[in-house]
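With chain A fixed as given, assemble chain B onto it according to the hints.
Each protein sequence line maps, in turn, to chains A and B.
So in the numbering used here, spot 112 of the first sequence is number 112, and the numbers just go up one at a time.
Numbers given in the numbering used here equal positions in the second sequence, counted from 1, plus 576.
Derived by calculation from the structure, the hints in this document are not laboratory data.
Keep in mind that this is a model prediction, so the values were computed, not measured.
No incorrect hints appear here.
So the derived label-pair ranges between C-beta atoms look like this:
| id | chain 1 | residue 1 | chain 2 | residue 2 | range |
| --- | --- | --- | --- | --- | --- |
| 1 | B | D741 | A | K537 | 36 to 46 Å |
| 2 | A | G67 | B | G710 | 54 to 64 Å |
| 3 | B | D741 | A | A499 | 43 to 53 Å |
| 4 | B | E702 | A | G403 | 35 to 45 Å |
| 5 | B | R649 | A | G403 | 20 to 30 Å |
| 6 | A | A107 | B | R667 | 50 to 60 Å |
| 7 | A | S125 | B | T661 | 48 to 58 Å |
Partial chain B-side listing against chain A, Cβ under 7 Å, derived:
| id | residue |
| --- | --- |
| 8 | E600 |
| 9 | D769 |
| 10 | F788 |
C-beta atoms are modelled at their ideal positions from N, C-alpha and C, and glycine is treated no differently.
What follows is the residue order along each chain.
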Amino acid sequence: MTILAALTAATLPDAPPPGFAEGKVSTLVSLNPDGTVANVTDLRIHKGSKRVARVMLIPHPVKRASGIAPNFLWDKTAYALGVTAGAGKRTADEHAAFVALHEERLAGTEDEGLKALLAFLRTWSPERFSKPIWADTALDENVVFALETDRQNDVRLHDRPAARALLAQTEEPGETAAICLVTGIRAPPARLHPSIKGVWGGQTAGGSIVSFNLDAFESYGHKQGDNAPVSEEAAFAYTGALNRFLATDSGHRIQIGDASTVFWAEADDGATAATATGLFAQAFGSTPDTRIDVQRVGAVLAEIQRGKPIAEVAPDLAEGVRFYVLGLAPNAARISIRFWLEDDFAALMHNYAEFAADICIDPPSKDGQPPLWRYLLELAVQGKRENVPPNLAGEVMRSILTGGRYPQSLLATTLMRIRTDRRVGPLRAGLVKAFLTRNHFGSPPVARDVDNPSTAYQLGRLFAVLEAAQYAALGRVNAPISDRYYAAASATPARVFSALMRGLHTHVSHARKRGRGGWIEPRIEEIMSKLDPDLPKTLQLEDQGRFALGYYHEKSYRPAGTAALSDDEIAEGDAQ
Amino acid sequence: MLELMTQGIRLHVSGPFACFTRPEMKVERVSYDVMTPSAARGILEAIHWKPAIRWVIDAIHVLKPIRFQSIRRNEVGAKASFSSTKSAMRRGDVDGLGLRIDEKTRQQRASTVLVDVAYVIAAHFEMTDRAGPGDNPAKHADMFTRRATRGQAFAQPVLGTREFDARFALLPDGVPIPIPDDTMGLGFDTPRDLGFMLWDIDHGAPGKPSMFFRASLANGVVTVPQPGAPEILS
Numbered sequence: 001m002t003i004l005a006a007l008t009a010a011t012l013p014d015a016p017p018p019g020f021a022e023g024k025v026s027t028l029v030s031l032n033p034d035g036t037v038a039n040v041t042d043l044r045i046h047k048g049s050k051r052v053a054r055v056m057l058i059p060h061p062v063k064r065a066s067g068i069a070p071n072f073l074w075d076k077t078a079y080a081l082g083v084t085a086g087a088g089k090r091t092a093d094e095h096a097a098f099v100a101l102h103e104e105r106l107a108g109t110e111d112e113g114l115k116a117l118l119a120f121l122r123t124w125s126p127e128r129f130s131k132p133i134w135a136d137t138a139l140d141e142n143v144v145f146a147l148e149t150d151r152q153n154d155v156r157l158h159d160r161p162a163a164r165a166l167l168a169q170t171e172e173p174g175e176t177a178a179i180c181l182v183t184g185i186r187a188p189p190a191r192l193h194p195s196i197k198g199v200w201g202g203q204t205a206g207g208s209i210v211s212f213n214l215d216a217f218e219s220y221g222h223k224q225g226d227n228a229p230v231s232e233e234a235a236f237a238y239t240g241a242l243n244r245f246l247a248t249d250s251g252h253r254i255q256i257g258d259a260s261t262v263f264w265a266e267a268d269d270g271a272t273a274a275t276a277t278g279l280f281a282q283a284f285g286s287t288p289d290t291r292i293d294v295q296r297v298g299a300v301l302a303e304i305q306r307g308k309p310i311a312e313v314a315p316d317l318a319e320g321v322r323f324y325v326l327g328l329a330p331n332a333a334r335i336s337i338r339f340w341l342e343d344d345f346a347a348l349m350h351n352y353a354e355f356a357a358d359i360c361i362d363p364p365s366k367d368g369q370p371p372l373w374r375y376l377l378e379l380a381v382q383g384k385r386e387n388v389p390p391n392l393a394g395e396v397m398r399s400i401l402t403g404g405r406y407p408q409s410l411l412a413t414t415l416m417r418i419r420t421d422r423r424v425g426p427l428r429a430g431l432v433k434a435f436l437t438r439n440h441f442g443s444p445p446v447a448r449d450v451d452n453p454s455t456a457y458q459l460g461r462l463f464a465v466l467e468a469a470q471y472a473a474l475g476r477v478n479a480p481i482s483d484r485y486y487a488a489a490s491a492t493p494a495r496v497f498s499a500l501m502r503g504l505h506t507h508v509s510h511a512r513k514r515g516r517g518g519w520i521e522p523r524i525e526e527i528m529s530k531l532d533p534d535l536p537k538t539l540q541l542e543d544q545g546r547f548a549l550g551y552y553h554e555k556s557y558r559p560a561g562t563a564a565l566s567d568d569e570i571a572e573g574d575a576q
Numbered sequence: 577m578l579e580l581m582t583q584g585i586r587l588h589v590s591g592p593f594a595c596f597t598r599p600e601m602k603v604e605r606v607s608y609d610v611m612t613p614s615a616a617r618g619i620l621e622a623i624h625w626k627p628a629i630r631w632v633i634d635a636i637h638v639l640k641p642i643r644f645q646s647i648r649r650n651e652v653g654a655k656a657s658f659s660s661t662k663s664a665m666r667r668g669d670v671d672g673l674g675l676r677i678d679e680k681t682r683q684q685r686a687s688t689v690l691v692d693v694a695y696v697i698a699a700h701f702e703m704t705d706r707a708g709p710g711d712n713p714a715k716h717a718d719m720f721t722r723r724a725t726r727g728q729a730f731a732q733p734v735l736g737t738r739e740f741d742a743r744f745a746l747l748p749d750g751v752p753i754p755i756p757d758d759t760m761g762l763g764f765d766t767p768r769d770l771g772f773m774l775w776d777i778d779h780g781a782p783g784k785p786s787m788f789f790r791a792s793l794a795n796g797v798v799t800v801p802q803p804g805a806p807e808i809l810s
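Bound-form chain A, shown alone:
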């Protein structure tokens, strides 16, 4: 199925009726039948210490760019009432357009409520917006209308049957009909598609997946939506579903680097779909969703990470559950597709288990199996989320979901971060190991492996011992050898190690005077016995990865019987 078709077919338990969408409203104006204002109600709800607008179903918003375009039966105060907190150079025009639209569309209506709105608009003047009835907090927020008699029953003007009938007949006659590429049915194509909101880093007004905002994007003389005929109905359906998934706390979204990722499941019954969605959410990232059985999901996930097939752990999820993952990244007013995957849930979880096995390292990170975003932060300058290399995050996610190779830049970026920060923690070591395993560079060891045949791995171990020798001799120094020589040692060992080995003897004798470091010389000898006397002049990228692994394993190694590593020591290598 295509992306749009899958979104259109996604089952939403409480999908808005056609022509309606969810919108934020903060004020309700109730009217008497003669058009006078009976009451003004503040609809905002408490959220923490703040009051935020209430989300309710309203007629679908028009697409506003820079022009003036009023909404039907609701709008922000500049349009609906002609008042704004800002400078408001064109507020009068906006309000006039709002009135004109309603005069046109409500002409000849017999409905009591709609007649009241018309009467209100004819008599209203912006000067009347004053205390005590009107509060300044309503300014520039959205306003809906109701009949005073309907107000107690929670019925707004747009909920009245007459209004719904008006909203339903917006279909234009089909002289421009074309085949809808989502449904395959002949229908008038949507010229502009509704906005998609909630993509991280995008414009607050929302963006579009299907848009043709410059003439270089148009073909065969087609304008706007004719370039890709999608029926109005399908356009509303897919954007509605996407907006629902992208909403905060929807339980259907996670952030993977710069890609806002939405996912959903299709199953015979809703509970199974919800469990699958929850499992995915927890595997890749966010806080557990309280609406599902958290304990079960946690237990199932732990079993999968241990490598058990899903058919054994959760047979109800193993068959007949289709799963969809869509990664979206903003590009100004447009939204681009980073990755798209549609597969059986069991296949997806199988791929996830392979990833978990790839990235597993000993000693592990202090918090067990960290979510993916923690790994991605290791690739970012200063460990900041906005610095995660764009595109790389999406490509890594794609590799995990499809079971394909990791992008080459994953290793390059990880090693570059290691060289700049001179830190190798369990997460970075895990990333390097995952890359080497999956991309067919042999099977690197999970835990310290003294007999590993790789020269680079042994050199990494040697470097860690040299660093430890310096520590044993001098304690904490300003510029330990790892700070000064890690990059050179991992890239051009022959040039660096001879100098470091000369320093070693001084360090060992110093340490001995302090009564420490008796273990150093035997360990050095053990490692040297596995090395060719001619050290390699340069190490390739994969070998630099093995070097980092050996360094991590040796640095975090403590002989049995001594105290285990404290959390701080393990965490030292990771960004805090």
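Positioned in the frame of chain A, the structure of chain B alone reads:
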């Protein structure tokens, strides 16, 4: 002669990248999963085409797993205007025709493209009513075979867009179509639904509407409906 027409040709095409852009996602490009019939037609026409013949695609065999990669490139948002070109031709000078690419016209666009693709296009041609007395199917079949074998083409055949050029080789008669090494995701157990796919653009009709068909990948093959078939929605 009739036999020659129905016998058809098979062309092996491959390349490191391909982008068969979906119309709904052609700004931030996303490729179709499989080569479209119109892209296949373009490849054949680049090797041999005359007004006397019309290529008809029968099937597209997919030889490699469907894999995507996302890339970002600097592109432009403006194109040369038709009307100013026309008036420049009438005027006889090129003033004001140049397109200056500055920050405003620069557009960074993401594309989700296919990586490492290989297909076999199975197709035949029909004679059109523009065929003259000197045209016959055997002649054109010969010409195509000769040109394809030698690697000749009027323009470099491409995999969807200009920047992804296609390597091509004629599959001689009797040589079986290669079996993919990795059949994962190619519909060998159950057919893979590819959704509605572009069949071609109806260049003759007013407004140049697109024609779609419901594509599915079964045992590594997309069977393409013949022109005029009811599966083609227009």
